[in-house]
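Participant: Based on these hints, arrange chains B, C, D and E with the ligands on the given structure of chain A.
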Amino acid sequence: MNFKTKLGLGIVAFFTIIAVIGEWVAPYDPSEMGDDLLSPPSGAHWFGTTMTGQDIFSQVLVGTRGVMVVGLVCGVLATFLSILVGVTAGFLGGAADEALSMLSNVFLVIPALPLIIIVASMLPSADTVLIAAVISLTAWAWGARVLRAQTMSLRRRDFVEAARASGERTWRIIVFEVLPNLTAVIASGFVGTVIFAVMLQITLSFVGVVSLSTWNWGTILFWAQSNQALGQGAWWWFVPAGLCIALLGTALALINFGIDEYANPRLRKVRA
Amino acid sequence: MSPVLEIRDLSVDYGSLRAVHNVSLSLRAGEVLGLAGESGSGKSTLAYAATRLLQPPGRVPSGEVLFKGQDLLTLTEKQLQVLRWNEIAIVFQGAMNALNPVISVGTQIDDVLRTHRPAMTRQERAARGRELLSLVGIPVDRLTAYPHQLSGGMRQRVMIAMALALEPEIVIMDEPTTALDVVVQRQILGQMMRLRETLGFSIVFITHDISLLVEFSDRIAIMYGGRVVEEAPAAEIYRAAKHPYSQGLLGSFPALRGPRRELRGIPGSPPDLRSMPAGCPFHPRCPHAMDVCGERMPSLDSVEVRRRVACWLEEAHV
Amino acid sequence: MTFLLRRGLFYLITLWAAITANFLLPRLLPGDPVQAMITKLGGRLNSDAMASLYILFGLDEKKSLWEQYVDYWGTLLRGDLGLSFTFFPTPVADVLSQSLPWTLGLVGVTTVIAFLLGTLMGVYAGWKRGSWMDTLIPVTTFLSSIPYFWLGLIAISVFSVTFPLFPASGGYAAGLVPEFSWEFAGSVLEHAVLPGITIVVSSVAGWILGMRNMMVTVTAEDYVLVARAKGLSQRRIMFAYAARNAVLPSISGFALSLGFIVGGALLVEMVFSYPGLGYVLFQGIGAKDYPLMQGVFLVITLAVLVANLLADVGYLLLDPRTRREG
Amino acid sequence: ATKASGVLTVGMPNGPLTENHNPFLPTSAAGSLGYRYVIYEPLAFVNNTRPAQDPVPWLATKWDWADNYRKVTFTIRENVKWSDGKPLTAADVAFSYEILKKWPALNNRDSLKVETAAATPDGKVEVTFASPQFVNRNKVISAMIVPQHVWSTVADPTTYTNPNPVGTGPYQVKSFTSQTVTVTRRAEYWQELPKVPEIQYTSYNDNTAQTTALASGASQWSYVFIPDYQKLYVDKDPKNHKLWFPAGLGIHGLWLNTTVAPFDNAALRSAMSDVIDREAIFVRGEARLFPKLESPTGMPLPAGESFLAPEYKSARFEVNVDKAKQKLTAAGFTLDGGVLRAPGGKPVTIELTNPSGWSDYLTVLDIIKGDLKKIGIEATVRTQTADAWTTDFANGAFQGSLRWTNTGATPYEMYQNIMDGAEIKPIGQTAAVNFGRYNNPEATAALAEYANAADDATRAKSLAVLQKIMVEQVPMIPTSAGPIGAEYSTKSWVGWPSEEDPYGPPQATLPNALQIVMKLKPAA
Amino acid sequence: MNEVVLEAEGLVKTYKRVRAVQDVSLVLRRGRVTALVGESGSGKSTVAKLLARLVEPTEGEILLDGRKVRRVREYRRKVQMVFQDPFASLNPIHTIRYHLTRPLKIHKRQETPEELMERVQLPADFLSRYPHELSGGQRQRVAIARALAAHPEVLLADEPVSMLDVSIRLGVLNLLLDLKERLKLAVLYITHDIASARYFADETFVMYGGQIVEGGDSESVTQQPAHPYTQLLIESAPDPERSVVALDAPAEEAAAVSAGCQFAARCPKVQARCWIDAPPRSDVGAGHWAACWLYVETAGAAA
Ligand SMILES: Nc1ncnc2c1ncn2[C@@H]1O[C@H](COP(=O)(O)OP(=O)(O)OP(=O)(O)O)[C@@H](O)[C@H]1O
Ligand SMILES: Nc1ncnc2c1ncn2[C@@H]1O[C@H](COP(=O)(O)OP(=O)(O)OP(=O)(O)O)[C@@H](O)[C@H]1O
Ligand SMILES: [Mg+2]
Ligand SMILES: [Mg+2]
Ligand code: NI
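Residue numbers (our numbering), protein chains in the order written: chain A, 1 to 272; chain B, 273 to 590; chain C, 591 to 916; chain D, 917 to 1440; chain E, 1441 to 1743.
Okay, chain A solo, but in the shape it has when bound (with noise of 0.2 Å):
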């Protein structure tokens, strides 16, 4: 593992723990309203305070479990639907090809944006669990093409036909066989489809068509945009959340990285 993916994967587990522990080590109710309003960091209040008096260093803090709770539910529920689709598409060729690319096409155009809002508006409470399994929703048939196009090529090879010849059932070849082949680009999906989630999210709290209930880094933008931060210069009422979202991303793409050259022997440096 390359010094990248290290870094990659130590911002996402700091990000990772703060998410479970935010909550407990917050130094304030991040919706509580204090007497210090739009003040600048300082020892009291770190990251400074809103315009009503948040402490924004608590926000992010407690918000930072909604964008690690939607990036990983949303990478694992869109990857299983676009291993699901496309695996099998792919492997299975024919009319089940056509039928199950119709569908990921259909997918691919439903826009997203209606999708979410009105899915959201339907339920009573949008809590983020159901916000991310509406984006994977979303989110899944472009890597279901990919899954499909790469599982085609896979599916004549000759360890497949093997196993074939071996006497195994198809279930257990594309789970087994075909499967673990594609983890380079499983991987690299889920990542991609992390950074996708986040982002979407986020700007789903910006444009304040998602419950702001709870709290996300998301939320605290649309906050400071929606009270105009950056235009009255209170640059940390919006820089630490969008920091800590470009680091994430950043991170995730480093790890993608790391990914591809762990499963592609050719971009590993020496060979084992």
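Calculated directly from the structure, the hints in this document are not laboratory data. Check each hint, because a few of them may be wrong.
Here chain E is said to cover these stretches of chain A; the calculated rule only asks that three of the stretch's residues, wherever they fall, bring their Cβ under 8 Å from a Cβ of chain E [stated by the list, open to error]: (1) 70 to 80; (2) 177 to 187.
Listed below are the simulated EDC-like cross-link pairs for lysine to aspartate or glutamate, each with C-alpha atoms no more than 20 Å apart in a straight line [what the hints assert, rightly or not]: (3) D:Lys1285 / A:Asp29; (4) D:Lys1155 / D:Glu1416; (5) D:Lys997 / D:Asp1144; (6) D:Lys1241 / D:Asp1193; (7) D:Lys1290 / A:Asp29; (8) D:Lys1155 / D:Asp1336; (9) D:Lys1262 / D:Asp1308; (10) D:Lys1290 / A:Glu32; (11) E:Lys1518 / E:Asp1505; (12) D:Lys1289 / A:Asp127; (13) D:Lys1285 / A:Asp36; (14) C:Lys630 / D:Asp1193; (15) D:Lys1289 / A:Asp158; (16) D:Lys978 / D:Asp1000; (17) C:Lys630 / D:Asp1308; (18) D:Lys1017 / C:Glu811; (19) D:Lys1289 / A:Asp97; (20) E:Lys1508 / E:Glu1449; (21) D:Lys1147 / A:Asp36.
Where a beta carbon is used, it is the ideal one built from N, C-alpha and C, also for glycine.
Facilitator: Quick look at chains B, C, D and E with the ligands alone, frame taken from chain A:
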């Protein structure tokens, strides 16, 4: 006759693994030098290193490759670029992947001419392309075909045609015919030999097929565990190989003609390059192993004129 | 022939499914256009207006979903997309044709630029693996991981507020009327600089990364080695042998992203008040503007499907292996 | 962006426009940006910031109400010409009322219940109504007048985009683009021409962009919510950047679903109202832009000054936790350990909902949440999408939610909006008014009485009843006054309405816009 | 005569417009190695895949122990295949143990992977290795062990040794011989190396253009080839005993013939009827036949 290519004490490392060990070989003008040996004994690696085509992590820690007295290993990329294909052409093992799948074979041949013969006009180049294809028995209208539209044998032949495009001094062929049936194989090699007669280039011919090697080459070098263990004229190797490994190889292939004979084979398994046995790498499998074999590597000494063997058995004779 | 027929049928069914989804999605949204309008205008429109607005939008007679669906197909097949509610009574087609050129212009051009730039940089980074170009990648990734609106707002605050080099909003200067004149063209260019650069900055990393990885893989292929052995120039090897093969997946990704161009760039359009389809759609969603939403979805659907087709055809043209002979 | 001198730049954060100058449609560019009001003129101007003031005659020189506000006769100004040169006639005026009746879809601005409208032989116009129009009288006289010779030929005026607007106003459309509409001064006008030769209406895509434009001076006149207007707007040019946010007769408040226990209990509602810190809402929640609401009657001041019942003339809201607690105890609530329990013993909790994007409301909800804590009510704030909230709110599927009320020339609209029992809808059905489903026959009767009363004394009496109900029963908890405000710059133009010279509401999208433009003069 | 295990009757396989296999009939017997040699692209691998039922035949049928087997699993228990390329036929992400345990589980065999390893003379500690940690010869042996795990009656080996150097090649072939002897396996051995067919196969069939053109016991097919194509093949095989003799210029690829003999275009002894009708099989020696018009009269006269 002075050698056109002389390899001196060449070693090649892949990371910490030494794939080629102090190999010295020379290739004379107009000669076919056969290279045989265990798979993984470093034949391809040697060919790559000698042409400065070694891919990372491969590295040449020591040695010289003299082409007409010029050390290829010290040339700059620019200087090499001029030499390449003009003087030394190479047909790779697995020519299946050696052609760019997305441009036509004609263009790939044309590329060479355009780079090295800037004076040629478009028509001249096209004419030369057709000439080359017919040389290897491919219909000239296939010039516009893409590699995937050709069978494996045809692709192999395109590679060979391309290698001859600039009439180089040296052609290195790394298992050029493994994927072909014997009929096609013979036709191609026959054509090469005929061209060599007219054009006078030298060939380094790497293959596993001992019969083929003996039949087509002038001289043969046998490699084992990254070293050349024996080098001699082809006929002599076939008649009386001196190194026990060479003898083993010759005793392992079935002959099509003549009475059925017993195939002896070589006991044991190939050495692991990461943990080479001390002394002669072959000694754990050698029927004649002596104590000294496990201790020191015998040197590749001339035992006769134009004959070198690296074996303590021979040392004892001297 | 049967292959073409089958493909055609495939696309038709996909189109039908997508259009049906496009019809259903807006109607699954809670609320109705009139309520949305009252809410949007806040206290500026008294609730007495509701009855009038229902009549205005033709929503006073209740139709079943099925009747609406049949009507929708009827009008659609006649090439009529209906009247937008948000911009009542402007036909949806007019709303689309008004904003589409801007979207295509800005997002289209920047997508192409980002693709070309990113791919080119990816080619170099992959070719010279391990050189300084490799450290460039985390930097560009960082830039593209910055939430877009943040990037846009900072660009505005730096380049149009602190140092007023470029205008902060709009597609052209307020006083101008679109026409073919140097003044107008200059104004359009001037107004496109900031949004354009921010889009490129935030999207270039993806192309770089994808291209770089493919380049690294392809560079290890035998035919690249052969090209080196042939003594070809570095440029020729890099472009005609390595990049030419490595670019294939990027090309199909590019074709698909061309399809998504028409969806516009909501955040760009919001932050820079740029005219375009993204914001129109956003408005349409907010206003429960079924005809407008359907119209935009239709355009997106068609564009994505065409792009899909384009990706298929592009692959066919660029990768001779996929061509079927005979 | 540099502006040619002599141009007035108006901005709105309304998003892109399509070319549509139909003055009847709120969806047209003319409606959305408000330039319909500098092209089409009303019969008279009403000052909603001072509703008691007499309207200013404009195209009508005189109007006489008769038959207990069931009939009005207009005397039309002479020498007024349409921009196509034809003279304005009584027939045009009558037509402008008739068209609202004929096309109910066009009657979306003021929902006038016109019965007949006709020109009289002596050149006047008579308009009749089925019911007394006392509460609507200002709306009736401020109807927009359109040329009959143009509109009578239009087959369907609801889908007419009016490509060449013909009006009596001093401006006509010069150019249209999806982001900017420019109108220029006509050569002649029935009175002295305004000083502003050209007005540019630009639409921005969101509040931030609009604020940036205001701050830089690219927009000289706009109405947009600015979170810290001092820093973001005024400080950029303290001498010229001004804003005036006067109250009209509409308010914002916390609507409670009065059908759900324990919020059906007036004492609880009243106690809740007592603890809400309206100062904090004014300063922090609404950034000092929504005028502070002081009268417990919900009447915004000074707009509603003249309507106040004598007993409430000097009554003011004040935070009083102790009084609230007393009220609660008296009503059988118990407060122990910081938890308020309803008479049945159930703890009182409330879920406050509002759309996600409405940051000022959400801030207010947070303030209210903190305030309610003081009397042991556990409040939670939940955000929804705007659509979900709109639907839920109209259907009564909420506990507590912030929303505005209607605004009118009298407090009637506001009170009717809050407590009209005649319009009550069961939970689950869409309500247009009385979202809290407050059912009090006394209130319903008082509202009807006010609307139909024949004399001022009866009106005063019924209005007093309504105010009493508002104060004692608290059908909805008022939080701020609804402003009719705007930002404007005195750099190029002076003569804007202000607290010192409150001649009309300052918004560019209200009919008074023309009145303001007429008064603007180039800055020295 | 050894008993017949697998019998293929009139196999035809058409890919789009390519007729990869045309009317091939073949019999595999217990305890015998049958070699299939021929031109590249003549359909040898396709025949193996048809017999392994990895590819559905366009026409023809396959009988196992004299009957048609419907259930694929039952069939696979008895017929196993070793693929041409040992580098591609082992899944790089699974250990050797996994590769060997799976068929044991599938076919419910009691053996342990260790016993299998012993059978192919590999040390048991290789079980925990991954394929890339093995040499080509070792991998090929693993592939064979995997095929043997099912205790098949038929082993289809598609060019199992072409990638290996002669000494390793010999080891693998000797292993096959040994298995044939001990387990009474029926083996189909596909190769380009005719000399090895002579040494290891009991019978040899020669394929050309999707058809079997000659067959018989290996010694006589390789020593007295009857069909002109076989003669060309034997003639072309490398021979260390001779030095390069004058050779034809490479032949241009011949187009497939729709009717008649596939080899007609290249045949030095071509006759008019070769272009028109497909030649029938004629006996040219004891158990040795060729499909060539050259032998039709002699066969007819002898009958
Ligand atoms: N990129 C690499 N990294 C590490 N080891 C390598 C690499 N390439 C080759 N080797 C090792 O170097 C040795 C020599 O390989 P080479 O390809 O030269 O063998 P060869 O004699 O050509 O064999 P063959 O006959 O199978 O082609 C082998 O043991 C091989 O495993
Ligand atoms: N899946 C396929 N689709 C289309 N054509 C195929 C397919 N598989 C094989 N073929 C064609 O069928 C013919 C026979 O192929 P096959 O692989 O059986 O030949 P082979 O005798 O094994 O050749 P080699 O000695 O080169 O391995 C060839 O012309 C080949 O191109
Ligand atoms: Mg090699
Ligand atoms: Mg084959
Ligand atoms: Ni400008």
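Participant: Against this structure, judge whether each hint is valid.
Facilitator: Status of the hints after comparison with the structure:
1. 70 to 80: Not satisfied, violated; 0 residues make the cut.
2. 177 to 187: holds (count 4)
3. D:Lys1285 / A:Asp29: Measuring from Cα to Cα gives roughly 14 Å; hence the hint holds.
4. D:Lys1155 / D:Glu1416: holds (17 Å)
5. D:Lys997 / D:Asp1144: Roughly 45 Å separates the two Cα atoms, so the pair is violated.
6. D:Lys1241 / D:Asp1193: Cα-Cα ~16 Å, so holds.
7. D:Lys1290 / A:Asp29: holds (18 Å)
8. D:Lys1155 / D:Asp1336: Violated, at about 46 Å.
9. D:Lys1262 / D:Asp1308: Violated: Lys1262 of chain D and Asp1308 of chain D sit about 25 Å apart, past 20 Å.
10. D:Lys1290 / A:Glu32: Measuring from Cα to Cα gives roughly 14 Å; hence the hint holds.
11. E:Lys1518 / E:Asp1505: holds (10 Å)
12. D:Lys1289 / A:Asp127: The hint is violated at about 25 Å.
13. D:Lys1285 / A:Asp36: Distance ~19 Å between Lys1285 of chain D and Asp36 of chain A Cα, so the pair holds.
14. C:Lys630 / D:Asp1193: violated (27 Å)
15. D:Lys1289 / A:Asp158: violated (71 Å)
16. D:Lys978 / D:Asp1000: violated (25 Å)
17. C:Lys630 / D:Asp1308: holds (15 Å)
18. D:Lys1017 / C:Glu811: Answer violated: Lys1017 of chain D to Glu811 of chain C is near 79 Å, above 20 Å.
19. D:Lys1289 / A:Asp97: Distance of about 59 Å is beyond 20 Å: violated.
20. E:Lys1508 / E:Glu1449: holds (11 Å)
21. D:Lys1147 / A:Asp36: Holds, because 17 Å separates the two Cα atoms, which is no more than 20 Å.
Checked against the numbered hints above, the structure violates hints 1, 5, 8, 9, 12, 14, 15, 16, 18, 19; every other hint is satisfied.
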